[in-house]
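K.L.:
Read off the chains here:
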Amino acid sequence: MVSQDISPGTDSGKVSLLNDPKFRGYLFQALALLIIVVLGYWIVNNTIANLQRARLATGFGFLDGRAGFDISSSPYVSYSSDSTFAKALLVGILNTLTVAIAGIITATIIGFIIGIGRLSHNWLIRKICTVYVELFRNVPPLLVIFFWYSGVLAVLPQARQSIALPFGTYLNNRGFYVPSLIMGEGAWLAGVAFLIAVVATLLVRRWAHKRQMATGQPFPVGLTAIALIVGLPLLALAVKGFPMTLDYPILGAFNLKGGSQVGPEFISLYLALSFYTAAFIAEIVRAGIRGVGKGQSEAAHALGLRAGTTTRLVVVPQAMRIITPPLASQYLNLTKNSSLAIAAGYPDLFAVGGTILNQTGRSLEVVVIFMIVYLSLSILTSLFMNWYNAKMALVER
Amino acid sequence: MTDTNISFVRQEMLQGQTPPLGERGIVRWVRVNLLATPVDAVLTVLALLVLAWFLPPLINWLFIQAAWVGPNRSVCATVAQGGLQPDGWSGACWAFVNAKFGQFMYGPYPIDQRWRVNLVGIMFVALLIPLLIPKAPYKVLNAIVFFFVFPIVAFFLLVGGWFGLPYVETSVWGGLLVTLVISFVGISVSLPLGIALALGRRSKMPVIKMLCVIFIEMVRGIPLVTVLFMASYMLPLFLPPGVSFDKFLRALIGVALFASAYMAEVVRGGLQAIPKGQYEGADSLGLGYWQKTGLIILPQALKLVIPGIVNTFIGLFKDTSLVSIISMFDLLGTVRQHFNDTNWSSPQTPMSGLVFAGFVFWIFCFGMSRYSIFMENRLDTGHKR
Numbered sequence: 001m002v003s004q005d006i007s008p009g010t011d012s013g014k015v016s017l018l019n020d021p022k023f024r025g026y027l028f029q030a031l032a033l034l035i036i037v038v039l040g041y042w043i044v045n046n047t048i049a050n051l052q053r054a055r056l057a058t059g060f061g062f063l064d065g066r067a068g069f070d071i072s073s074s075p076y077v078s079y080s081s082d083s084t085f086a087k088a089l090l091v092g093i094l095n096t097l098t099v100a101i102a103g104i105i106t107a108t109i110i111g112f113i114i115g116i117g118r119l120s121h122n123w124l125i126r127k128i129c130t131v132y133v134e135l136f137r138n139v140p141p142l143l144v145i146f147f148w149y150s151g152v153l154a155v156l157p158q159a160r161q162s163i164a165l166p167f168g169t170y171l172n173n174r175g176f177y178v179p180s181l182i183m184g185e186g187a188w189l190a191g192v193a194f195l196i197a198v199v200a201t202l203l204v205r206r207w208a209h210k211r212q213m214a215t216g217q218p219f220p221v222g223l224t225a226i227a228l229i230v231g232l233p234l235l236a237l238a239v240k241g242f243p244m245t246l247d248y249p250i251l252g253a254f255n256l257k258g259g260s261q262v263g264p265e266f267i268s269l270y271l272a273l274s275f276y277t278a279a280f281i282a283e284i285v286r287a288g289i290r291g292v293g294k295g296q297s298e299a300a301h302a303l304g305l306r307a308g309t310t311t312r313l314v315v316v317p318q319a320m321r322i323i324t325p326p327l328a329s330q331y332l333n334l335t336k337n338s339s340l341a342i343a344a345g346y347p348d349l350f351a352v353g354g355t356i357l358n359q360t361g362r363s364l365e366v367v368v369i370f371m372i373v374y375l376s377l378s379i380l381t382s383l384f385m386n387w388y389n390a391k392m393a394l395v396e397r
Numbered sequence: 398m399t400d401t402n403i404s405f406v407r408q409e410m411l412q413g414q415t416p417p418l419g420e421r422g423i424v425r426w427v428r429v430n431l432l433a434t435p436v437d438a439v440l441t442v443l444a445l446l447v448l449a450w451f452l453p454p455l456i457n458w459l460f461i462q463a464a465w466v467g468p469n470r471s472v473c474a475t476v477a478q479g480g481l482q483p484d485g486w487s488g489a490c491w492a493f494v495n496a497k498f499g500q501f502m503y504g505p506y507p508i509d510q511r512w513r514v515n516l517v518g519i520m521f522v523a524l525l526i527p528l529l530i531p532k533a534p535y536k537v538l539n540a541i542v543f544f545f546v547f548p549i550v551a552f553f554l555l556v557g558g559w560f561g562l563p564y565v566e567t568s569v570w571g572g573l574l575v576t577l578v579i580s581f582v583g584i585s586v587s588l589p590l591g592i593a594l595a596l597g598r599r600s601k602m603p604v605i606k607m608l609c610v611i612f613i614e615m616v617r618g619i620p621l622v623t624v625l626f627m628a629s630y631m632l633p634l635f636l637p638p639g640v641s642f643d644k645f646l647r648a649l650i651g652v653a654l655f656a657s658a659y660m661a662e663v664v665r666g667g668l669q670a671i672p673k674g675q676y677e678g679a680d681s682l683g684l685g686y687w688q689k690t691g692l693i694i695l696p697q698a699l700k701l702v703i704p705g706i707v708n709t710f711i712g713l714f715k716d717t718s719l720v721s722i723i724s725m726f727d728l729l730g731t732v733r734q735h736f737n738d739t740n741w742s743s744p745q746t747p748m749s750g751l752v753f754a755g756f757v758f759w760i761f762c763f764g765m766s767r768y769s770i771f772m773e774n775r776l777d778t779g780h781k782r
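Protein chains in written order, with the numbering used here: chain A, 1 to 397; chain B, 398 to 782.
Honestly, the hints are just simulated from the structure, not real lab data.
No experiment lies behind these values; they were computed from the predicted model shown.
Heads up, a few of these hints could be off.
Some chain B residues close to chain A (C-beta under 10 Å, calculated; not the full set) [said to hold, decoys possible]:
| no. | residue |
| --- | --- |
| 1 | ALA449 |
| 2 | SER600 |
| 3 | MET602 |
| 4 | LEU621 |
| 5 | PHE758 |
| 6 | SER766 |
| 7 | ILE770 |
If you want the ones that stay clear, here's a sample from chain B, every Cβ over 10 Å from chain A, calculated [unchecked claim]:
| no. | residue |
| --- | --- |
| 8 | PHE405 |
| 9 | VAL406 |
| 10 | ASP437 |
| 11 | ASN469 |
| 12 | VAL476 |
| 13 | GLN482 |
| 14 | ILE508 |
| 15 | VAL517 |
| 16 | PHE553 |
| 17 | VAL610 |
| 18 | VAL622 |
| 19 | PRO696 |
| 20 | THR717 |
| 21 | ILE722 |
| 22 | PHE736 |
| 23 | ASN774 |
All C-beta atoms in this analysis are idealised placements derived from N, C-alpha and C, irrespective of residue type, glycine included.
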């Protein structure tokens with residue numbers, strides 16, 4: 001609107017001020033600002049009046065108070081009903097992050113498999129993948145959660161008739177029981193060895209790349225990486241005489257003893273988020289791969305690259321450029337959808353916050369905390385994805 | 398000379414031979430589509446194994462073993478669970494869906510008043526179908542009636558309290574009725590609001606732009622449940638004491654605002670895809686801002702982003718299921734509410750109810766996405782590069 005320039009010549013005196021685009025621009029902005037300020041003032045005023053009328057205290061001081069409620073799943077910090085509200089919120093945030101990260105990893109894997117499957121030459125595979133995508137894209141995520149929670153997990157047998165699965169794991173209506181790893185003395189050495197292996201792998205990769213650029217000789221980086229990352233920690237453990245034991249769950253008369261339990265709330269939420277988001281990721285992957293011009297892979301073949309190398313070095317890097325931005329927003333969606341945990345009873349940030357709100361009536365503070373946490377998660381994810389996107393972006397002259 | 402010409406000239410075409418067996422019909426199809434390479438063959442066998450493991454029990458559960466009719470839970474429970482079915486029986490409990498069908502559609506809406514919902518539904522379908530068929534006449538009139546007259550009539554019919562209709566408060570609305578009302582209002586509010594926000598974000602006025610960016614990014618950064626939570630707990634705090642909002646209306650506001658932020662980003666994508674020449678061309682013709690936007694830019698931009706707009710609609714339709722978290726009962730919420738009915742609770746009830754709800758949601762969403770593909774093809778003017 002402002003872009004149009006009135007020539008400062010003789011006419012400008014005759015134009016009414018209201019018809020001057022520049023002035024009108026300022027007027028509209030001032031009006032908008034005025035409306036927002038008045039509205040904001042009115043809202044704040046009303047809120048203060050309402051809070052005073054209801055004799056509600058404000059401020060975040062209540063976070064130091066005793067929570068008084070239990071949280072069913074707190075794997076990282078020790079929490080009891082005597083802990084503070086702040087700690088309860090921390091548990092909620094950690095649980096949100098856990099399910100979001102686990103869901104993102106699984107959804108990405110399933111999504112890439114299904115997305116590539118939709119481009120397969122095999123008719124059957126293509127159709128199965130299409131059915132998967134159309135099925136999960138068109139139902140609400142909440143329904144998928146309920147499907148796993150009340151449809152599948154709740155009708156599993158009771159603890160006495162647990163379904164035994166490979167590797168000493170059990171499945172029943174109270175969740176999934178896995179052997180837990182008990183670290184003995186000196187097990188930290190394995191962790192150190194793992195870190196060293198990762199660093200060494202990165203260095204080897206850099207060196208191999210440099211050498212290939214200079215001499216054309218390839219170096220088996222993948223095999224070296226596997227050997228380093230698996231071998232070094234094993235070696236470290238062997239030196240210490242394998243100081244770790246596995247605590248297997250054992251089927252007792254009424255319940256399973258030992259091992260660690262993954263509750264049905266987490267499983268249903270995690271599976272639902274993964275399966276639901278995977279359908280969207282599959283479509284993104286398919287669009288990305290199809291977005292790479294046919295000439296690219298034909299040129300690669302003409303240069304004598306084999307099919308696998310073509311995919312790895314020519315198609316995937318270019319497809320990733322198309323895939324990354326929408327993939328980032330799907331990751332964000334998954335994180336935000338994790339707030340549906342409340343439907344399955346998994347104590348994520350939203351569920352814990354809801355409980356706190358019910359106990360203390362501090363709706364204002366709780367909603368502010370929600371907004372801060374979810375907004376920072378969003379911003380962090382988009383910053384990371386932007387960085388990745390910039391790294392992958394086409395470098396032009 | 399007459400009979401020395403021994404050269405042979407064939408007068409008619411040779412009959413085309415049928416291709417070899419491996420190159421025609423079903424054999425070729427199977428060879429090309431299922432067994433092209435050894436890897437493909439292995440994948441096909443694996444897929445067939447998965448289907449063989451998965452499909453028969455599914456069909457068995459859905460149709461063959463399913464209890465279609467029955468007066469109560471006894472038809473859906475085994476003898477050990479206090480029912481009539483033999484032990485080890487497992488099938489869908491469609492009898493439950495049958496018995497509760499009215500509840501799933503209308504919720505606790507008074508039974509003798511359900512004709513009002515039906516009437517609104519008939520009007521909705523009668524107005525929507527000609528709007529969706531490109532060849533149907535009177536598009537503008539139809540759209541005006543659909544988006545301006547119909548909501549008012551529907552409001553008076555559903556809420557009542559006028560013209561001798563008994564008043565039905567929104568707390569007794571439920572089921573598919575709530576899902577459809579929230580989606581309809583959400584869709585018809587979020588599209589214009591989203592366009593306005595997108596234009597605001599592209600505006601050259603810094604204050605307007607900043608306000609739109611803040612709104613869009615804030616709403617997009619938080620989950621819908623938080624927005625609904627705010628609408629249900631915070632809105633009453635923001636208003637002067639004594640003024641209270643209907644809970645249903647609060648949820649509507651939350652859903653519409655949430656969807657409009659997403660819609661704004663979709664529309665912005667379309668606006669950014671319009672080449673600069675179009676803006677400059679409109680300027681050089683002497684069109685003002687609103688003429689330029691309304692006649693040149695938006696028609697092209699919206700056409701480009703039809704898939705995105707419909708995706709947002711589908712997302713909104715699915716998201717209406719979240720209102721059950723602020724204790725309102727949409728289709729999914731109503732279905733879940735009835736799991737606890739002692740008359741019907743059995744191990745098969747939840748799954749059957751959820752499959753039914755999923756089927757209804759799926760039909761609507763799939764229909765919308767197919768229609769968007771149809772529309773996209775129809776409006777394709779071949780300008781895509």
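K.L.:
State for each hint whether it applies.
P.N.:
Each hint, compared with the structure:
1. ALA449: violated, 12 Å
2. SER600: holds, 7 Å
3. MET602: holds, 5 Å
4. LEU621: With a minimum Cβ separation of about 8 Å from chain A (threshold 10 Å), the hint on B:LEU621 holds.
5. PHE758: holds, 5 Å
6. SER766: It holds, given that the least Cβ distance between B:SER766 and chain A is near 7 Å, below 10 Å.
7. ILE770: violated, 12 Å
8. PHE405: holds, 47 Å
9. VAL406: The claim holds: B:VAL406 sits with its nearest Cβ about 45 Å from chain A, beyond 10 Å.
10. ASP437: Per Cβ check, B:ASP437 is inside 10 Å of chain A; nearest 5 Å; violated.
11. ASN469: holds, 20 Å
12. VAL476: It holds; B:VAL476 is separated from chain A by about 17 Å at its closest Cβ, greater than 10 Å.
13. GLN482: holds, 15 Å
14. ILE508: Holds, because the least Cβ-Cβ distance between B:ILE508 and chain A comes to about 27 Å, which exceeds 10 Å.
15. VAL517: Since the minimum Cβ distance to chain A is about 23 Å, B:VAL517 lies beyond 10 Å and the statement holds.
16. PHE553: holds, 30 Å
17. VAL610: holds, 13 Å
18. VAL622: Nearest chain A Cβ is 5 Å from B:VAL622, so the label is violated.
19. PRO696: Consistent with the label, B:PRO696 stays out of reach of chain A, its closest Cβ about 20 Å off (over 10 Å).
20. THR717: Not fine: 8 Å to the nearest Cβ puts B:THR717 too close to chain A.
21. ILE722: Violated, because the least Cβ-Cβ distance between B:ILE722 and chain A comes to about 6 Å, which does not exceed 10 Å.
22. PHE736: Given a closest Cβ separation of 7 Å, the condition is violated.
23. ASN774: holds, 17 Å
Of the hints listed earlier, those the structure fails to meet are numbers 1, 7, 10, 18, 20, 21, 22, in rising order.
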